[in-house]
Amino acid sequence: DTGVSQDPRHKITKRGQNVTFRCDPISEHNRLYWYRQTLGQGPEFLTYFQNEAQLEKSRLLSDRFSAERPKGSFSTLEIQRTEQGDSAMYLCASSSLNRGGMSRGEQFFGPGTRLTVL
Amino acid sequence: AQRVTQPEKLLSVFKGAPVELKCNYSYSGSPELFWYVQYSRQRLQLLLRHISRESIKGFTADLNKGETSFHLKKPFAQEEDSAMYYCALGPYGNKLVFGAGTILRVKS
Numbered sequence: 176d177t178g179v180s181q182d183p184r185h186k187i188t189k190r191g192q193n194v195t196f197r198c199d200p201i202s203e204h205n206r207l208y209w210y211r212q213t214l215g216q217g218p219e220f221l222t223y224f225q226n227e228a229q230l231e232k233s234r235l236l237s238d239r240f241s242a243e244r245p246k247g248s249f250s251t252l253e254i255q256r257t258e259q260g261d262s263a264m265y266l267c268a269s270s271s272l273n274r275g276g277m278s279r280g281e282q283f284f285g286p287g288t289r290l291t292v293l
Numbered sequence: 108a109q110r111v112t113q114p115e116k117l118l119s120v121f122k123g124a125p126v127e128l129k130c131n132y133s134y135s136g137s138p139e140l141f142w143y144v145q146y147s148r149q150r151l152q153l154l155l156r157h158i159s160r161e162s163i164k165g166f167t168a169d170l171n172k173g174e175t176s177f178h179l180k181k182p183f184a185q186e187e188d189s190a191m192y193y194c195a196l197g198p199y200g201n202k203l204v205f206g207a208g209t210i211l212r213v214k215s
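Residue numbers (my numbering), protein chains in the order written: chain A, 176 to 293; chain B, 108 to 215.
These aren't lab readings, by the way, just hints derived from the structure by calculation.
Virtual Cβ for every residue (Gly too), placed ideally from N, Cα, C.
Taking beta-carbon pairs under 8 Å as the criterion, some of the chain A residues facing chain B (in silico):
1. Gly217
2. Pro218
3. Tyr223
4. Glu231
5. Glu281
6. Gln282
7. Phe284
8. Gly285
9. Pro286
Partial selection, computed: residues in chain B whose CB lies under 7 Å from chain A:
10. Leu151
11. Tyr193
12. Ala207
13. Gly208
Residues of chain B clear of chain A, computed beta-carbon distances all greater than 12 Å:
14. Val120
15. Phe121
16. Ala124
17. Val213
All chains should be built: construct the whole structure from the sequences, respecting the hints.
As structure tokens, then:
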């Protein structure tokens, strides 16, 4: 399978614990995005990277959230001191740029990591 | 502010009936609009985008800048069209702003 992969698929944790999720994008894709989806809502943008540079962060991304893409390949999203309100599906997506550096628009999504905070 | 509104949480139609999933957007610039679909137990995937002006699986969507709408249409619904549909706004290929989604149920 050459699509976007995410690990783990499910995570149950206790309030106050730290969790880390991993995303492996499609190999030739420059851009990597993180979204969060809660029940009954569409995905909400959290942050995105172009290669290893984090170019935009949503106001949804509190200080407890940090994302990295150290070598411009896989990315990690860490949540410190989890709260029950962090329970959600965390989606990763990737996309490519054309030779002129313009986005091709389509984002390819992974299966998501479902986080439950007890 | 960028916003996408999908007014219907659920749309239920009979097989063979026409389908129209509504989407309205708010954006001051030149919009780039998409429809994404999520079938049961599958990941979110692109159905179509307004730039391509193509028909995918019999679905079409026309961007109406005057009405700020991007409704998804299909003349004859099929049971395999049952899924969750999200309209998304993505200016210049950066972040996507999604609507809340509409569940389409096609009854036999």
